[in-house]
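Chains as they are written, first to last, in my numbering: chain A, 63 to 503; chain B, 210 to 486.
Quick caveat, the hints were computed from the structure, so don't treat them as lab data.
Don't be surprised by glycine CBs; every beta carbon is placed ideally from N, CA and C.
Check each hint, because a few of them may be wrong.
Said to hold, decoys possible - Chain A is nowhere near these chain B residues, computed Cβ spacing over 12 Å in every case: (1) G227; (2) N250; (3) G251; (4) Q283; (5) E382; (6) G402; (7) S417; (8) V450; (9) I452.
Stated by the list, open to error - Partial list, derived from the structure: chain B residues whose beta carbon lies under 8 Å from chain A: (10) F290; (11) K294; (12) L314; (13) M318; (14) V319; (15) R354; (16) A355; (17) A366.
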Amino acid sequence: MSATSARPSHAAQPSGSAFIVKKALISALVALVLFSLMIGVRTEAGPQGGLIYWTRFGDLAALVGTVFGGSIIVELLRQWWGPVDKDSIVPKPVQSAISFAGRWLAPALLVFAVLVPVIFYDQRYILDLSILVLTYVMLGWGLNVVVGLAGLLDLGYVAFYAVGAYSYALLATNFGLSFWVCLPLAGILAAFWGVLLGFPVLRLRGDYLAIVTLAFGEIIRLVIINWQSLTGGPNGVSGIPRPTMFGIPLDNSDNGLAARLGIEFSPTHRLVFLFYLILAMALLTNWVTIRLRRLPIGRAWEALREDEVACRALGINTTTTKLTAFATGAMFGGFAGAFFATRQGFISPESFTFQESALVLAIVVLGGMGSQLGVALSALAMIGGFELFRGFDQYRMLVFGIAMVLLMIWRPRGLIGHRAPTVYLERNQSISSDLVKEGHG
Amino acid sequence: MSGDPILSVDRLMMRFGGIVAVNELSFSAERRKITALIGPNGAGKTTVFNCITGFYRPSGGAIRLSHDDGRSIQLERLNDFRISKQAKVARTFQNIRLFPGMTALENLMVAQHNALMRASGLTVLGLLGLPSWREAEKRAIDLARAWLDRVGLLDRADDAAGNLPYGDQRRLEIARAMCTEPALLCLDEPAAGLNARESGGLNELLLSIRNEQGTSILLIEHDMSVVMEISDHVVVMDYGVKIAEGTPQAVRDDPKVIAAYLGADEEEAIAVMESGT
Numbered sequence: 063m064s065a066t067s068a069r070p071s072h073a074a075q076p077s078g079s080a081f082i083v084k085k086a087l088i089s090a091l092v093a094l095v096l097f098s099l100m101i102g103v104r105t106e107a108g109p110q111g112g113l114i115y116w117t118r119f120g121d122l123a124a125l126v127g128t129v130f131g132g133s134i135i136v137e138l139l140r141q142w143w144g145p146v147d148k149d150s151i152v153p154k155p156v157q158s159a160i161s162f163a164g165r166w167l168a169p170a171l172l173v174f175a176v177l178v179p180v181i182f183y184d185q186r187y188i189l190d191l192s193i194l195v196l197t198y199v200m201l202g203w204g205l206n207v208v209v210g211l212a213g214l215l216d217l218g219y220v221a222f223y224a225v226g227a228y229s230y231a232l233l234a235t236n237f238g239l240s241f242w243v244c245l246p247l248a249g250i251l252a253a254f255w256g257v258l259l260g261f262p263v264l265r266l267r268g269d270y271l272a273i274v275t276l277a278f279g280e281i282i283r284l285v286i287i288n289w290q291s292l293t294g295g296p297n298g299v300s301g302i303p304r305p306t307m308f309g310i311p312l313d314n315s316d317n318g319l320a321a322r323l324g325i326e327f328s329p330t331h332r333l334v335f336l337f338y339l340i341l342a343m344a345l346l347t348n349w350v351t352i353r354l355r356r357l358p359i360g361r362a363w364e365a366l367r368e369d370e371v372a373c374r375a376l377g378i379n380t381t382t383t384k385l386t387a388f389a390t391g392a393m394f395g396g397f398a399g400a401f402f403a404t405r406q407g408f409i410s411p412e413s414f415t416f417q418e419s420a421l422v423l424a425i426v427v428l429g430g431m432g433s434q435l436g437v438a439l440s441a442l443a444m445i446g447g448f449e450l451f452r453g454f455d456q457y458r459m460l461v462f463g464i465a466m467v468l469l470m471i472w473r474p475r476g477l478i479g480h481r482a483p484t485v486y487l488e489r490n491q492s493i494s495s496d497l498v499k500e501g502h503g
Numbered sequence: 210m211s212g213d214p215i216l217s218v219d220r221l222m223m224r225f226g227g228i229v230a231v232n233e234l235s236f237s238a239e240r241r242k243i244t245a246l247i248g249p250n251g252a253g254k255t256t257v258f259n260c261i262t263g264f265y266r267p268s269g270g271a272i273r274l275s276h277d278d279g280r281s282i283q284l285e286r287l288n289d290f291r292i293s294k295q296a297k298v299a300r301t302f303q304n305i306r307l308f309p310g311m312t313a314l315e316n317l318m319v320a321q322h323n324a325l326m327r328a329s330g331l332t333v334l335g336l337l338g339l340p341s342w343r344e345a346e347k348r349a350i351d352l353a354r355a356w357l358d359r360v361g362l363l364d365r366a367d368d369a370a371g372n373l374p375y376g377d378q379r380r381l382e383i384a385r386a387m388c389t390e391p392a393l394l395c396l397d398e399p400a401a402g403l404n405a406r407e408s409g410g411l412n413e414l415l416l417s418i419r420n421e422q423g424t425s426i427l428l429i430e431h432d433m434s435v436v437m438e439i440s441d442h443v444v445v446m447d448y449g450v451k452i453a454e455g456t457p458q459a460v461r462d463d464p465k466v467i468a469a470y471l472g473a474d475e476e477e478a479i480a481v482m483e484s485g486t
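Pulled out of the complex, with its shape left as it was, chain A reads as follows:
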């Protein structure tokens, strides 16, 4: 066998300079057409309401030139690298690096997370941000059960977040129930709604399931807006009680925690408490998910993602299996919602828009579906990184979008796309993402 036939992709790819220039020209032309209206002509409403416009051909030319040059550089780089060989097994050095990272990165992150309130005690902003990041880590882990393990594309996850938040808010403000009583109730109610939604829609697959879950998310939001007598409509629910440390309030009253301990009151105490609360809740989510994966139900979820027909042939009740995945994910969403309500003290339907669902889904997909560590890292990058880009001002969304596109090109299956087996006889080797299916609902 000759060298060329061993790598047919090499011979098939044209590589002459004419080809590169042609490709660059086409890219430049596309850029010209696209940007001529977006950049070349700028329109604005004039002082009298009339349309005024001016041209910016200089900027347009610069942009088209950049695309031309950039296209040549990208093509040259691609040829320099040569064709990408796709091995279905993860290469050894990568595998050992991953296992090293998996062994040390997760514990290191955990230790760091525990120490955050100690290190950043005086920086209220960072504490607030880390609470937000952890909330999304928990949401990501919750959705990971549905999307990552069971392979059911759920675009309406925020509905369960909303159910949890409103459950706590309404139970606490109307009946005066404490946070610790409401937390399980919020989870149970969200899981109940998960099952309720699940029954009619789980016969749908793939895109159809995604659309119906998307609609469900909107329905919940619209019901909350319009059911004024119960939810307060667009005004939301305010005066939601803050969490207490098992009955001891964290305020500067006489029987508050600070007074009882005989230390000076500081509002940071409550932040630290909230931080550890959400950390504990997120870790519980993680622990339960890891446990479930090694139980028959978790294996059935993953098997369902791999091949539903084969599952049915093995006597697995696919309906109840899907429902349990939906309910479990919804329950964690409900817990996170209850936490959100108690942290904010005020909730309104605006907090539960489709954008939240999309963000949590993006966290799961970018992190690597099914990977707990990947989801945590990507929540950190998405929420923390978004704050980091604050300096870019109006280009923040642009930078963010580009980063997401690049990540998906570089790692189409997410940061950590490989799958760790749930049981092994001798070698615990990870499975390449090429073999793992995304699921079709």
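Got chain A; can you put chain B on it based on the hints?
Here is chain B on its own, set in the frame of chain A:
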């Protein structure tokens, strides 16, 4: 037919719109025997399989499964996963349907789902990690290990099923079906794509399943070396109807079977049909 049938198919009908895929098919499969269902492409064999294993609901007729303990189940009334769970009928697929992103061992663990679900107390006991669950899991792993050993894949237990060579995947799928501890094993073209050595190994595996586990086997096969060597009984279908049945030897010499497979002149075919009826 005399004997002790585990599966009796009685005037099975399957229509898709105006097309009659299976027309009043009756046959039975003996307990602890290997029954082969053969016929040219498009004869309706896989449709029969899908009716037996609950993927299709038959348009008419009855399919009865009688267990060793005398329990008798009408399969046409069960559907979907219940066929495997309650009636203990396992199947493999013409185009292999493993869980490619899971290891060989995990594939066999998924097959023991229902037994393990019971042992894990519907997940609650398992979540708490009670000893009774751990025992059950260990037993499940041992069963999986035993089957991996039987099909010669013990050293590949921790490899992703999708990474295994084609022949290994075929054997793994049979092992996975056997891990559900079926009374009747339905194999849809188990020898498709195997070379002569591999199909020889398959013959031995199927005979050992019949002899050691006492599992009855119903198989669709095109590979005549497999059919003739291991079948106890052969049913031949063409155009949705049964055209012959009997021992492999009898079927091989049946002129109607030869006509169906090799084609025949029109007059010859008519002559054959008339002589048969």
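A quick look at each hint next to the structure:
1. G227: About 26 Å separates G227(B) from the closest Cβ of chain A, which puts it past 12 Å; holds.
2. N250: 22 Å, holds
3. G251: Holds, because the least Cβ-Cβ distance between G251(B) and chain A comes to about 21 Å, which exceeds 12 Å.
4. Q283: Q283(B) clear of chain A: closest Cβ-Cβ about 18 Å, beyond 12 Å.
5. E382: About 9 Å separates E382(B) from the closest Cβ of chain A, which leaves it inside 12 Å; violated.
6. G402: Non-interface label stands for G402(B): nearest chain A Cβ at 18 Å, farther than 12 Å.
7. S417: 22 Å, holds
8. V450: 27 Å, holds
9. I452: 29 Å, holds
10. F290: 5 Å, holds
11. K294: Status holds, d = 4 Å.
12. L314: Status holds, d = 6 Å.
13. M318: 6 Å, holds
14. V319: 4 Å, holds
15. R354: 7 Å, holds
16. A355: With Cβ-Cβ at 12 Å, over 8 Å, it is violated.
17. A366: Because about 5 Å separates A366(B) from the closest Cβ in chain A, which is inside the 8 Å limit, the hint holds.
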